[in-house]
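> In case you want the letters, here they are:
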Amino acid sequence: MKRKLVLVGNGMAGVRCIEEILKLNREAFEITIFGSEPHPNYNRILLSKVLQGDTSIDEITLNSWEWYEQNGIRLFAGETVTDIDHEEQLVRTDRGRVVEYDELILATGSNPFILPVPGADLPGVTAFRDIQDCERMIEYAKTYKKAAVIGGGLLGLEAARGLLNLGMDVDVIHIFDYLMERQLDPTASKLLQRELEKQGMNFLLRKETAELFGNGRVEGVRFKDGTSIAADLVVMAVGIRPNVDLARRSGIAVNRGIIVNDYLETNVPHIYAVGECAEHRGVVYGLVAPLYEQGKVLAQVICGRKGKSYEGSVVSTQLKVSGVDVFSAGEFMDGEGTESIKLYDEARSVYKKVVVREGKIVGAVLFGDTSEGRKLLDMIQRGDSLEALSLSLLAPASSGGKESLVATMADTDVVCGCNGVTKGAICQAIAEHGLKTVAEVRDYTNASRSCGGCKGLVAELLEHMLGEEVNRYTVKETICGCTNLSREEVIAAIKEKRLMTVKEVMSVLGWKKEEGCSKCRPALNYYLGMLYPGEYDEEVESLFVNERLHANIQADGTYSVVPRMYGGVTTAEQLRKIADVAEKYNVPMIKLTGGQRIDLLGVKKEDLPRIWADLGMPSGYAYAKALRTVKTCVGKQFCRFGTQDSTGLGIRMEQTFERLKTPHKVKMAVSACPRNCAESGIKDVGVVGVEGGWEIYVGGNGGTHLRAADLLCTVKTEEEVMEMTGAFLQYYRESAHYLERTSKWVERVGLEHIREVLFDVEMRRALLERLHKALSATKDPWREIVENERLQQTLFCDLGDKEPVPVE
Amino acid sequence: MMRVKVGTIEQLPKRLGKCVHIGVLELALFRTQDDRVYAVENRCPHKGGDLSQGIVSGEYVFCPLHDWKICLRDGQAQAPDEGCVKTYRATVEDGCVYVELQETGE
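Chains as they are written, first to last, in numbering that gives the first Met the number 0: chain A, 0 to 807; chain B, 0 to 105.
Hints may be right or wrong, so weigh each one.
Unchecked claim - Derived SDA-like pairs: lysine to any residue, alpha-carbon spacing no greater than 20 Å straight-line: (1) A/K144 with A/F175; (2) A/K603 with B/H20; (3) A/K512 with B/A78.
Calculated directly from the structure, the hints in this document are not laboratory data.
Work out the full structure: start from the sequences and follow the hints.
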């Protein structure tokens with residue numbers, strides 16, 4: 000049964016968290032969302048752009064009504080949750096609805112702070128917070144001319160710019176003596192003020208509002224110093240307050256915001272808070288990037304994969320006023336223990352400051368040219384030292400010859416801070432999907448989907464990529480040409496959507512060719528078998544002929560048959576049987592294989608089932624992507640130098656891992672001493688007996704790409720050899736690409752990584768458990784076919800010889 | 000024109016080839032997922048591989064020896080490989096499969 004997940008608050012933080020949850024597990028939850036506003040989720044940050052006339056309300060919708068529908072989410076818009084009963088685990092709404100929850104996310108956001116002064120409730124006074132406020136201001140501007148904005152912070156300035164665009168005269172009232180004091184130092188602030196004054200804003204600084212006056216509707220603002228101004232519209236943009244009423248009423252711990260720990264958990268079990276309503280380590284964030292970071296962590300927690308915790312964010316700000324570029328991040332004020340590097344070009348109105356503490360870059364302010372903002376923010380977040388800062392980064396943009404910034408960015412550098420999208424991810428998407436526009440990049444990667452501050456960078460990147468750069472990123476290894484997905488993506492989708500057949504995988508994941516090809520079909524067949532041991536029935540028509548017919552096809556269309564001989568040991572009786580069969584079926588050649596087995600070559604396809612029946616021996620799997628043989632030396636029983644019973648161990652290994660399917664063929668060997676007569680150094684798993692123990696080597700290959708195996712570990716007992724080998728095989732089964740030999744795989748994922756996995760007791764236990772599940776589901780294929788008449792008909796019988804008949 | 004009844008449609012499993020000998024000819028017969036039936040010469044143009052044992056995908060077969068991709072409709076090997084196998088017209092009447100022994104195409 001699906002668990003019930005309720006989200007209170009249909010804003011950016013909450014819905015993003017839901018998106019992350021859907022990414023992790025589409026099927027786990029029945030999701031209900033309540034939002035007090037009557038709209039689907041929209042981008043509040045861009046409201047100022049709407050006010051400024053740069054964009055429309057429709058364009059700032061983040062998740063359309065269809066999105067909720069497509070994802071099976073119940074949305075109650077325009078409905079407010081009034082009450083949480085955490086004993087009964089249910090919420091109640093202002094429409095009398097009662098909804099139960101197993102997990103509850105509070106994302107109630109914040110409310111604009113309204114100054115508690117007389118007249119604050121007069122008509123003509125508004126906050127700037129939601130679509131309704133925005134619409135109201137646009138409406139006012141049609142009739143009235145004189146506006147006052149209280150608050151010289153980010154939001155106030157963006158609102159003021161919008162009102163200017165709507166044709167109003169605008170006074171900006173600020174209590175401090177410089178603007179955006181929470182983001183800028185005095186120098187940058189003064190430059191900003193100068194620029195905005197040029198645009199037509201009028202500033203009243205160091206003014207504290209005493210009251211708003213007016214007869215019936217607002218007519219002006221009076222200050223504590225006794226002065227006053229006239230105003231037909233007053234916009235309060237003095238700050239926001241976390242909306243914690245519901246939480247407080249419901250007995251959830253609240254300080255300024257709802258108190259959460261590093262996993263966004265409140266003090267009440269199964270209730271979480273995310274976004275502007277949450278207080279984490281004493282900080283309430285009002286910017287989008289931290290909210291998204293929180294959403295990611297919370298999604299993991301809710302899906303039961305508590306992983307990385309949230310540890311707070313370094314925030315950055317960019318003002319969205321056309322013609323003004325302002326950026327700040329981290330610790331931007333000069334102060335005790337900080338030093339700074341400054342560039343101040345008064346003539347061009349360019350100011351750049353990088354703040355350094357104990358040799359590390361901790362903050363920055365940019366005015367006039369903010370193109371390096373992202374790069375600096377990355378450096379701050381990483382805690383780069385001053386040496387990492389190239390001074391040319393600060394060179395004025397007009398100095399000419401400056402290399403395109405995007406070209407100098409590393410793939411891991413973040414381009415879109417709101418959504419944490421790296422340069423590499425964007426380039427990859429551009430290359431893979433042939434993206435041509437910023438909008439397409441946004442749809443594929445989320446970059447520039449929120450504040451839009453990175454649009455310029457994205458555009459630059461596009462331009463840059465559409466040049467020669469594009470080739471560098473087309474390297475994602477897809478399974479084959481029938482899909483754009485990599486092995487990892489396909490396996491994740493199979494697990495997540497529980498796809499059970501080759502056909503299902505192809506149709507659900509949008510295969511380009513309906514029936515795939517000779518590369519993807521066998522690969523999918525393998526992955527499904529590996530993921531669902533005992534449950535998945537191999538699809539014979541997707542198997543390469545050797546594995547379909549359980550014999551090796553030879554150049555002349557005949558087949559070869561290799562019966563199993565554990566550890567290379569045989570008996571007179573077996574030899575006699577093999578000799579009899581060879582005679583009876585006129586086998587043209589009998590040969591010893593490199594793996595110490597006997598090969599009957601030149602067998603006709605239709606004779607195969609009868610030969611197997613006559614032999615009465617299990618298949619040697621000489622044809623399969625599976626364990627083939629375990630080659631052994633004579634060992635201490637007979638050899639003068641042998642220190643261990645290599646033959647005994649070889650037989651045991653072969654009997655244990657027999658029939659185990661693997662991404663490619665697997666060969667093993669056990670030698671009883673370092674002379675290595677069984678050639679353990681060039682096997683997928685090679686075991687070498689030494690005095691008092693065994694050395695285990697992995698990743699060796701005697702084939703085209705000759706490779707000496709690496710020493711994985713040394714163990715004391717046979718038991719430990721079995722355990723390490725089993726875990727190694729299972730990990731190889733689970734993480735290698737289909738047709739990737741262990742030699743390549745070990746090099747790709749790294750021996751150290753494999754060690755980390757195998758030496759972890761818990762992981763090893765889990766791997767062995769899955770291995771034994773897979774082993775217990777296997778059957779000897781020769782016997783199965785011998786006993787199954789229908790399979791013989793389908794796979795081994797031809798249509799015979801026919802005579803042509805003349806027709807009219 | 001000569002034609003020959005090679006078997007019944009039931010004898011042709013979907014996407015698994017069958018071989019048939021007619022005089023000196025050796026043909027590979029295929030029934031696709033959507034029940035079309037094709038007959039081609041059972042020798043890959045590359046090294047004579049047994050095409051009837053290849054993996055069938057849509058109207059193509061992949062040779063089991065070296066993975067050449069051959070079109071069942073016109074017998075053409077797909078790029079980058081070059082070559083062609085002979086194709087024959089195969090029809091189904093009342094559940095019986097017939098092959099006409101006059102090469103189609105070229």
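> Are the Cα atoms of A/K512 and B/A78 separated by 20 Å or less?
Cα-Cα ~17 Å, so holds.
> Does B/H20 lie within 20 Å of A/K603 when you go C-alpha to C-alpha?
holds, 15 Å
> Measure nothing beyond the straight line between the CA atoms of A/K144 and A/F175; if it is 20 Å or shorter, mark the hint as holding.
Since the Cα atoms of A/K144 and A/F175 sit roughly 26 Å apart, the hinted pair is violated (cutoff 20 Å).
Of the numbered hints given earlier, the model fails hint 1 alone.
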